[in-house]
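S.K.: Please work from the sequences and hints to get the whole structure.
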Amino acid sequence: MILTGRIVRTVFRNKENSYTIYKIELENGDIETITGNMPVLSVDTLYEFEVIETTHPTYGVQYKVESFNQVEKQNKDGLIKYLSSELFTGIGSKRAEKIVNRFGDDAISKIIENKHILKEIGFKPVQIERLYQELLKEAHLETVMKELFKYDITLLMATKLYNTYGKDTLKIIKENPYRTIDDIYGISFKRADDLARKLGFSYDHPTRIEAGLIYALETLLMQSGNTYVEEKEFSKFLNSIISEIEKEKIDYHLENLIKMKKIIFEQNTYTIPKIKAAELNIAKYIKNFKSETVVTDEIFEANIKQVERVLNINYTDLQKEAIKESIKSPISIITGGPGTGKTTVLSGVLMVYARLFGLDLEKETITYKIGLCAPTGRASRRMEEVMDVKAFTIHKLLGYDYEGIFHFGADNPLPQDLIIIDEGSMIDIFLMEQLLSAIMPTSKVIIVGDKDQLPSVGPGQVLEDIILSGQVKVIELTEIHRQAKNSHIIEFSNEINHQTVNDYSYDTKEDLIFMKLEEPKIINTLIKLTEKALEEGYDLYEDMQVLIPIYKGRTGIDAVNKEMQDYFIKDKEEYLQYGSNFFYVGDKVIQLINDPKKNIMNGDIGVIKKIVTTKDDKYLIINFSGMDVEYERSNLENLSLAYAISVHKSQGSEYKIVYLPLVGSYSYMLRKELLYTGVTRAKAYLYLLGQLPLIEKASKILNEKRKTRLKTYLQRKNKKIFKKISPYEFL
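The numbers in my numbering rise by one with no breaks, and the one at position 486 of the sequence shown is 488.
By construction, these hints were calculated from the structure, which means they are not laboratory data.
The reader is advised that the hints may include incorrect statements.
Computed spacing ranges between beta-carbons, pair by pair [unchecked claim]:
no. : residue 1 : residue 2 : range
1   : Val73     : Leu138    : 20 to 28 Å
2   : Asp630    : Ser87     : 52 to 60 Å
3   : Asp32     : Ile703    : 28 to 36 Å
4   : Asp107    : Lys261    : 39 to 47 Å
5   : Glu537    : Lys475    : 45 to 53 Å
6   : Gly581    : Arg311    : 55 to 63 Å
7   : Gln225    : Gly581    : 22 to 30 Å
8   : Ile703    : Ile301    : 24 to 32 Å
9   : Glu481    : Glu512    : 31 to 39 Å
Using N, Cα and C, we set each Cβ at its ideal position, and we do this for glycine too.
M.R.: Set out below in structure tokens:
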């Protein structure tokens with residue numbers, strides 16, 4: 003759809019990402035709103051816009067700009083308004099008028115050609131340079147945009163390219179458009195491929211083939227969680243990426259990538275250097291830990307009795323063994339399901355360790371001696387509440403900074419003598435490699451986790467591989483303890499885990515509620531249940547959570563979020579839009595990627611407290627666990643609604659109330675591990691609603707075991723290896 007009109011005024015403009023809202027006057031006199039990532043356009047100048055019509059429930063029809071073209075030359079008044087805009091520092095209307103009167107309608111090109119002409123109208127050297135650089139930047143942006151539009155590149159894509167590469171945008175993408183896959187978040191091979199074809203790259207261009215090979219391998223590894231792929235599997239998947247290429251050409255370029263060691267081929271399998279390096283390094287770090295503590299039975303018994311007296315509990319023999327072995331061993335694993343007393347054991351470990359080494363757990367400086375950490379903010383906060391010692395996310399412990407760099411690592415180890423890592427099943431090979439690299443070989447490491455939960459989102463199955471290797475002391479807690487025995491949720495989770503679910507399992511209990519429903523009734527039921535919980539005093543943001551395994555579909559995460567937002571957000575007058583998504587005050591939201599600049603991690607859940615309007619744009623203030631964080635429009639692609647989230651995103655968290663819908667469209671995702679993980683998020687009440695027979699069916703289907711090599715590397719006999727391996731050593 004084409005709109006032709008003149009810019010009347012700028013409603014909003016975000017300088018950081020060029021997102022702008024303009025009011026334009028059409029040739030018939032109508033006033034319309036256009037939005038998109040655009041350079042500053044001249045007031046009273048005629049433009050032609052290619053747009054997509056969108057409708058907002060409150061503000062009606064708006065038009066999203068895909069591309070634009072200036073139809074007529076900028077007039078004198080428009081040029082004065084442009085130069086006196088907020089784009090140019092210190093140039094008011096009087097100075098702008100002076101510039102245009104002296105140098106005419108071509109003032110901008112004349113200044114860019116020779117900036118020193120500004121001396122003629124009294125500009126000082128600092129003012130000349132500042133205006134020159136600002137004009138140059140806008141001129142570059144406009145030139146790049148116009149050139150990119152020739153290739154049918156959308157305005158949003160053009161803005162992302164320019165924000166990444168600046169004035170070198172055209173040069174870089176014409177040389178290798180496939181660079182964008184690595185350089186720009188959210189660019190897939192398909193999008194880069196579309197760009198390449200528009201730029202004239204042939205389907206069998208060497209750059210395209212090699213980029214496709216690497217992208218296919220990385221995608222397959224990241225999607226499957228495997229750390230290598232079989233030759234046949236890779237070939238099959240490759241056909242979906244670059245199917246039209248002759249096999250001989252693919253083989254030639256694949257061999258070339260193997261020679262350059264950008265792809266590793268061994269034992270008829272493929273992987274990438276950073277994955278192999280991560281698994282090798284994890285094995286090396288584990289073998290290097292050597293902090294064994296000699297504790298006699300008499301000393302241990304004396305200390306554990308004191309701890310039992312303080313905590314007013316009696317540890318079982320297995321729990322005592324877990325505490326003792328964890329303190330004695332250089333590295334150990336404590337695993338067990340809900341209700342088996344993992345946190346109770348950890349409290350014992352901390353207190354006995356502190357007594358043995360003369361530490362005061364109540365001192366703030368204890369965090370320099372003992373480091374408690376977990377993969378997510380919610381898990382670390384829960385750890386801190388239970389242990390009564392400051393706990394950190396793994397990223398925070400490692401000093402992950404605003405540039406995405408870890409302060410602590412192999413060359414700058416952590417100071418703590420004891421590191422306790424909770425929710426170990428969530429940690430992928432890359433994060434575990436970084437964490438272990440930062441721990442001194444003389445320190446003690448305890449990894450805690452439920453081996454039966456879902457494996458990490460990223461590649462590997464670190465916790466399971468370490469357990470199966472037989473190279474590390476493992477204590478599995480199996481007994482359900484007195485308080486937990488009263489929980490029907492824990493009882494039901496064990497039935498799922500041991501695959502003993504049957505029709506009798508669906509009997510509703512006080513804390514475990516089954517609701518047989520047809521799919522069309524599920525969302526409305528979720529809303530009613532949530533409203534009832536709110537009336538009873540439960541908190542929407544902290545106490546309850548809807549967990550769903552898929553995003554799309556009639557009862558997927560996206561649909562449930564939209565319906566719950568529409569119902570629970572009453573005031574929709576003030577909003578911030580990103581694409582087709584609208585965010586309102588009161589919305590429950592989740593962060594989708596790690597953002598060290600804001601100190602917010604992937605999976606953190608918050609609430610929108612305020613929408614702030616400035617002269618340039620709007621931004622959100624979101625509260626994450628007591629911390630207010632500003633979110634500009636450019637950050638919104640990393641934010642999603644969180645009334646419903648995925649089971650994976652919920653890992654490491656607990657909620658008083660969990661709602662777990664079950665419908666046929668989920669079937670391809672439902673597995674024992676996913677169901678078990680979802681069920682074990684509930685502390686007080688668990689609602690399972692929908693097609694209940696899916697529970698028994700899912701409990702009998704196991705996740706396909708990941709293909710990894712960490713266990714093999716751990717079982718190798720070369721124990722004394724201290725050198726860290728870099729992915730570049732394979733190049």
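S.K.: Decide, hint by hint, whether the structure agrees.
M.R.: Hints versus structure:
no. : hint                        : verdict
1   : Val73 - Leu138: 20 to 28 Å  : 25 Å, holds
2   : Asp630 - Ser87: 52 to 60 Å  : 31 Å, violated
3   : Asp32 - Ile703: 28 to 36 Å  : 58 Å, violated
4   : Asp107 - Lys261: 39 to 47 Å : 58 Å, violated
5   : Glu537 - Lys475: 45 to 53 Å : 50 Å, holds
6   : Gly581 - Arg311: 55 to 63 Å : 59 Å, holds
7   : Gln225 - Gly581: 22 to 30 Å : 24 Å, holds
8   : Ile703 - Ile301: 24 to 32 Å : 48 Å, violated
9   : Glu481 - Glu512: 31 to 39 Å : 24 Å, violated
Violated hints for the displayed structure, listed by number in ascending order: 2, 3, 4, 8, 9.
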